[in-house]
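Peer 1: When you get a sec, could you build the whole thing from the sequences and use the hints?
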Amino acid sequence: MQQQRTISSAVREQFLDNVEGKRMTLHKALSNLEKNFDGCVFEPDTRTQVIIAASQHETENSSKVCELELENRRLQKRLKEKEEEYVQLQKQLEKEQLAAKVLSEEEKQKITSNTFVHEQKVVEMQRTIDTLTGQNQELILSHEVTVNQFTSKIKELEEALKKSTEKMGQAAQNEKVHMTMTNKREAEDHAEKQRLHQEMECLKSLTTRLQQENKQLKDSLQIQEQQTTNGSRQGQLKKKSRRTSGRNQAGAVVKRTVDQACQSEQSVLELNEVKAAHQKLQEQLNREKRSKWHFKNELDAFHHEYSLMREENNKLHAVTNNCVHENKNLKDDIQRLEAKSRRETDMLHKLLKKEQQKSSHFQTSINKRDHEVSQQKEALENVVENLKLKLNQETEEKEKQQNEVRKLELTLEKERGAFKDTIRKCYAAYQEVAAKAQ
Numbered sequence: 001m002q003q004q005r006t007i008s009s010a011v012r013e014q015f016l017d018n019v020e021g022k023r024m025t026l027h028k029a030l031s032n033l034e035k036n037f038d039g040c041v042f043e044p045d046t047r048t049q050v051i052i053a054a055s056q057h058e059t060e061n062s063s064k065v066c067e068l069e070l071e072n073r074r075l076q077k078r079l080k081e082k083e084e085e086y087v088q089l090q091k092q093l094e095k096e097q098l099a100a101k102v103l104s105e106e107e108k109q110k111i112t113s114n115t116f117v118h119e120q121k122v123v124e125m126q127r128t129i130d131t132l133t134g135q136n137q138e139l140i141l142s143h144e145v146t147v148n149q150f151t152s153k154i155k156e157l158e159e160a161l162k163k164s165t166e167k168m169g170q171a172a173q174n175e176k177v178h179m180t181m182t183n184k185r186e187a188e189d190h191a192e193k194q195r196l197h198q199e200m201e202c203l204k205s206l207t208t209r210l211q212q213e214n215k216q217l218k219d220s221l222q223i224q225e226q227q228t229t230n231g232s233r234q235g236q237l238k239k240k241s242r243r244t245s246g247r248n249q250a251g252a253v254v255k256r257t258v259d260q261a262c263q264s265e266q267s268v269l270e271l272n273e274v275k276a277a278h279q280k281l282q283e284q285l286n287r288e289k290r291s292k293w294h295f296k297n298e299l300d301a302f303h304h305e306y307s308l309m310r311e312e313n314n315k316l317h318a319v320t321n322n323c324v325h326e327n328k329n330l331k332d333d334i335q336r337l338e339a340k341s342r343r344e345t346d347m348l349h350k351l352l353k354k355e356q357q358k359s360s361h362f363q364t365s366i367n368k369r370d371h372e373v374s375q376q377k378e379a380l381e382n383v384v385e386n387l388k389l390k391l392n393q394e395t396e397e398k399e400k401q402q403n404e405v406r407k408l409e410l411t412l413e414k415e416r417g418a419f420k421d422t423i424r425k426c427y428a429a430y431q432e433v434a435a436k437a438q
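According to UniProt numbering, the stretch in the sequence shown is residues 1 to 438, in order.
Take the hints with a grain of salt, since some may be wrong.
[Unchecked claim] Straight-line C-alpha distance at most 25 Å; calculated DSS-like pairs for lysine-lysine:
1) 80 to 368
2) 91 to 377
3) 80 to 296
4) 350 to 80
5) 80 to 95
6) 176 to 296
7) 296 to 77
Source of the hints: derived by calculation from the structure; they are not laboratory data. Bear in mind that the values here come from a model prediction, so they are computed numbers and not experimental data.
Peer 2: Below is the structure:
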């Protein structure tokens, strides 16, 4: 019984140590989350898994506590039964003291078999408690694995968030550079367009002026030709002096027309050069337009990619906010579980103290009873020894008396034989006397 009580107290102490260790591991996990992973990202489905695992852990702890309480009640009931058996044995011992009898070997064997069975039950209880503690350790390891998974996912999401922020910063910087380049190119294009427009206006005015001059030259040339033809026809009728003067005037006019024709050819060459320059400028403008359209397409693709990155970043921010909320809920759940575990540990400590007090009181009473029983056993053994000595003395005295009785019986038989002989002799003498008297 004393061994049973020590085992039950050891089981309670082991269970309380396991509960305290779980509470410390939960506290360490919470502190690690607060230090390293505050504001980090969790997946939204893991909260339910952690809550389910925590509720399962709680239900298992409560079921284990209930099983231990039931086992404690069974042990108390068994202890009461053993106390009753002890009282019965004490009564039987008193009866045996009164009757001066010693316990037989069969009863001793029964007691030893009962103690052996009780020890086997205690060993089985210890095995069940060890299995429960192993299950608790497995649950703690599974909680640690889930916490490590959370930390790895948080690190991955942090790295993805950093990469997305870096991409967004680089995209913003590239967009700024592209915007500055586009603004610069647009300003250059606008200036080039204005310059080309001015050159086109100048060319148009020059071509109109040259066309007018060519027309005037053609008209004057026709007039001069008509005048020369008319002058040649009328010169036969005129005087020789007028012919000389007309010839001089016609030579001057021809010279002037020739000079004007040279100037018109030079203006036509200049016009051709201006047209070639205009064509080159138009080709350059077309190339600039093509490059501008290409750059515009690249800018549109970049804007599309930037909008996709913004959407992804917004999604990541939403996930991070949800994970922060889930992390807060998990912290609240862990705090509630810690408070509940503290309350349970306090209650178990109180129950353990009460059980220890009861066990100590019962142990003292059992020690007193054991001491009394040992004293009674010693007194009974002393009484038995004294009775044995007295019995031996009485047997020796009885043997002596029996020897004396045997001697007396022998002497009595001898005296009886002698008495019978004397009676026979007397009866024969009486018969003889009676015969004589007749």
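Peer 1: It remains to establish, for every hint, whether it holds in the given structure.
Peer 2: Against the structure, the hints:
1. 80 to 368: This hinted pair holds, its Cα atoms lying about 17 Å apart.
2. 91 to 377: 13 Å, holds
3. 80 to 296: Violated. Residue 80 to residue 296 sits at ~95 Å, over the 25 Å cutoff.
4. 350 to 80: 22 Å, holds
5. 80 to 95: Roughly 22 Å between the alpha carbons, so the hint for residue 80 and residue 95 holds.
6. 176 to 296: Holds, because 14 Å separates the two Cα atoms, which is no more than 25 Å.
7. 296 to 77: 91 Å, violated
Of the hints listed earlier, those the structure fails to meet are numbers 3, 7, in rising order.
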